[in-house]
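Engineer: Here is how the chains run, residue by residue.
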Amino acid sequence: GQQVMQIPQYQHVQEGEDFTTYCNSSTTLSNIQWYKQRPGGHPVFLIQLVKSGEVKKQKRLTFQFGEAKKNSSLHITATQTTDVGTYFCAGQDNQGGKLIFGQGTELSVKP
Amino acid sequence: NAGVTQTPKFQVLKTGQSMTLQCAQDMNHEYMSWYRQDPGMGLRLIHYSVGAGITDQGEVPNGYNVSRSTTEDFPLRLLSAAPSQTSVYFCASSGRGDTQYFGPGTRLTVL
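Going down the list, the sequences are from chains A and B.
No gaps in the numbering here: position 48 of the first sequence is 48 in the working numbering, and each next residue is one more.
Offset between the second sequence (1-based) and the working numbering: plus 111.
If you're looking for bench data, these hints aren't it; they were derived computationally from the structure.
Yeah, the Cβ is synthetic: ideal placement off N, Cα and C, and Gly gets one too.
It is possible that part of the hints are untrue.
Claimed, not checked - Just the calculated beta-carbon pair ranges, DEER-fashion:
#1 Ala193(B) <-> Glu15(A): 40 to 50 angstroms
#2 Ser52(A) <-> Phe121(B): 41 to 51 angstroms
#3 Glu17(A) <-> Gly127(B): 43 to 53 angstroms
#4 Asn176(B) <-> Thr77(A): 43 to 53 angstroms
#5 Pro111(A) <-> Ala193(B): 36 to 46 angstroms
#6 Glu67(A) <-> Pro194(B): 37 to 47 angstroms
#7 Asp149(B) <-> Ile7(A): 15 to 25 angstroms
Unchecked claim - In silico contact screen, one side only, chain B against chain A (beta carbon under 10 angstroms); selected entries:
#8 Gly151
#9 Tyr212
#10 Pro215
Let the sequences and hints guide you as you build the complete structure.
Structural biologist: Listed below in structure tokens is the structure:
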């Protein structure tokens, strides 16, 4: 079945450093979504990528969707302590039904 | 507009007991899903539904039942609780191919 792998599992950075998490799917996706979960909270939607090769930016966050629609990345420039949390990618298959999540990358930022 | 609501917030069960986790949404979403979250495992899909009367299995369906008699409600039933089902359970809803809105979660402990 469809699998979504995400690396790294943990990332510890100094405030101001950059951060990247990578996501790979075993199958071609119709879209990929990114979520952020703060400690003790629930996942909150960040963005959805639909087109092959798509790049979207939200302030210091840059999201990319691969040309083959099987991989994606999230890059944060100059991390801040407010970026702390776990970032999940989630891939939706071509049937538009179930959403399969990666294992998440837990980001900690040292001030 | 309450979004996605889940009850209870916390529950402790003994091995072999059964219970139902409640989930409701007031956004008229077609899609509803149940996930469990365990440390290092990310969010794993248990069951999902693409509309009233339609349900399907996710990645880890064993030990759980669901039904979708109305658009608003999607209860998750644990038939005979086991310690391996200790987890945080999230319900989510979405429109077709759209972002998922998560409930606040139910923290379940099985002794």
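Engineer: Take the hints in turn and mark each one as holding or not.
Structural biologist: Now the hints, each set against the structure:
no. : hint                                        : verdict
1   : Ala193(B) <-> Glu15(A): 40 to 50 angstroms  : 43 angstroms, holds
2   : Ser52(A) <-> Phe121(B): 41 to 51 angstroms  : 44 angstroms, holds
3   : Glu17(A) <-> Gly127(B): 43 to 53 angstroms  : 50 angstroms, holds
4   : Asn176(B) <-> Thr77(A): 43 to 53 angstroms  : 46 angstroms, holds
5   : Pro111(A) <-> Ala193(B): 36 to 46 angstroms : 42 angstroms, holds
6   : Glu67(A) <-> Pro194(B): 37 to 47 angstroms  : 45 angstroms, holds
7   : Asp149(B) <-> Ile7(A): 15 to 25 angstroms   : 18 angstroms, holds
8   : Gly151                                      : 7 angstroms, holds
9   : Tyr212                                      : 7 angstroms, holds
10  : Pro215                                      : 6 angstroms, holds
Consistency note: the structure conflicts with none of the earlier hints.
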